[in-house]
Each structure stands twice: as structure tokens, then as C-alpha cells.
Amino acid sequence: NAGVTQTPKFQVLKTGQSMTLQCAQDMNHEYMSWYRQDPGMGLRLIHYSVGAGITDQGEVPNGYNVSRSTTEDFPLRLLSAAPSQTSVYFCASRGSYNSPLHFGNGTRLTVT
Amino acid sequence: GQQVMQIPQYQHVQEGEDFTTYCNSSTTLSNIQWYKQRPGGHPVFLIQLVKSGEVKKQKRLTFQFGEAKKNSSLHITATQTTDVGTYFCAAPGNQFYFGTGTSLTVIP
Numbered sequence: 037n038a039g040v041t042q043t044p045k046f047q048v049l050k051t052g053q054s055m056t057l058q059c060a061q062d063m064n065h066e067y068m069s070w071y072r073q074d075p076g077m078g079l080r081l082i083h084y085s086v087g088a089g090i091t092d093q094g095e096v097p098n099g100y101n102v103s104r105s106t107t108e109d110f111p112l113r114l115l116s117a118a119p120s121q122t123s124v125y126f127c128a129s130r131g132s133y134n135s136p137l138h139f140g141n142g143t144r145l146t147v148t
Numbered sequence: 150g151q152q153v154m155q156i157p158q159y160q161h162v163q164e165g166e167d168f169t170t171y172c173n174s175s176t177t178l179s180n181i182q183w184y185k186q187r188p189g190g191h192p193v194f195l196i197q198l199v200k201s202g203e204v205k206k207q208k209r210l211t212f213q214f215g216e217a218k219k220n221s222s223l224h225i226t227a228t229q230t231t232d233v234g235t236y237f238c239a240a241p242g243n244q245f246y247f248g249t250g251t252s253l254t255v256i257p
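Residue numbers (the working numbering), protein chains in the order written: chain V, 37 to 148; chain A, 150 to 257.
Watch out, some of these pointers could steer you wrong.
[As the list claims (entries may be wrong)] Looking from chain A toward chain V, a few residues come up when the C-beta cut is under 8 Å (computed):
| no. | residue |
| --- | --- |
| 1 | Y171 |
| 2 | N173 |
| 3 | H191 |
| 4 | P192 |
| 5 | F194 |
| 6 | Q197 |
| 7 | S201 |
| 8 | G202 |
| 9 | F245 |
| 10 | Y246 |
| 11 | G248 |
| 12 | T249 |
None of these hints come from the bench; they were simulated from the model.
Please read these numbers as outputs of a predicted model, since none were measured by experiment.
Positions of the beta carbon are idealized from the N, C-alpha and C atoms, including for glycine.
Please put together the full structure from these sequences, using the hints given.
Listed below in C-alpha cells is the structure:
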């Protein structure tokens, strides 16, 4: 099992560009989430999904879109990148409501 | 939404000293989880506490869940340089909120 796979590992964007951060898991987990991590801010939830076809907003959803067309994939789209979106992004999955989260290795995004 | 506060934000200790981080929730939790993130890495699950007043140990790490299930603590005895990292508590739910984390530095 590869677990949770995130691509790319690093990305530099110019302000206004769009891109998609990919996340895939091979554990047949129903729950998937996207977090961003900034210094001193901990892990903040962007969007989450409790199953294929179902997504909802977390604490900081503005500027991001998600979709969950399959159980395995949960891409995060930045519609028009802003410098405030410079951060480390983590995708995570879990099998059930109280199960531990399995994290991907993260994507370090810089917006100039 | 659920809020999980964690203190302290940073802690520097001499190797061999003890370390404790505290987690407080504004609401009663069904359970609480603890994670460790090494510098440059991703969070890794350590343990889950479910019962009121529960205490669990993993070698030099002791985890405690409060009687009211609103607070929790992680205590490390005799820290080592391998303990360096950020420790997070987390409140499972649909949204799965994390505490702000405590960054531990161990000075050799």
C-alpha cells in the first residue's frame, strides 16, 4: 500500500494562476481532508469529504475548490492563486469517523 | 465549530528534562487523538484516548484524558533529541479539528 500520495511535492505559482493539488489514497477510506499549515497556525481544515460525491467546507475554504468523484481521489483546486495561499498543504484520509488520520507527505506551495 | 486550544506553543528543554503539553476543548469530546510531526515531515498518529480519566503510556510518553473529557495532556519523561517535533492534539469528528500544536526543542 502506498497510503496517501500527494503531488506535486513543491510548486511555485504566480499570483492569479490556477492549479490542482492531487491526492490519492489506496486504503479504501471514506473520509478525506485537506489542511494547510502555516507557521504558528497549526493545521487548518480547508475542505473535507465523508464519501464519494460528498464534500463540505472546513475553517478556511475561500479560494479553494474540491471534488470527490471517486473514493480514491480528492483533488484541491486553487482558482486564482494569491500570496496568502503560500503554505504547506496536507491531504489526509481515515477509514471511519473516529479512526486516526493518515497524512500524505505534503505539498509546499509558494505564490509570488 | 469545535475549538481545541493547546499550550504552550513552544517549549525548549535540556535533554533529560521532562516535557508536558496541554490540550483544552470548549466542548465535551467523544475521544481525543495525539499526533507528532517531525521537522519537515507530516503528522503521524500516536494514540487515541476514549474513556473519561484514561491514562495510556508509550515508553516515556504518558497520555491522559480528563474526567470531563474536555482536556488532555501528553507528558514526556527524560526527553531525548529524538523527541524533537511538534505535538498536536486532535478532536475527531466530521471536520476533525487540530490543536495549534506545541513545538518541542531538545537541547543536547
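Practice prompt. Could you work out which earlier hints the structure fails to respect and list their numbers in ascending sequence?
Written response: 1, 2, 7, 8
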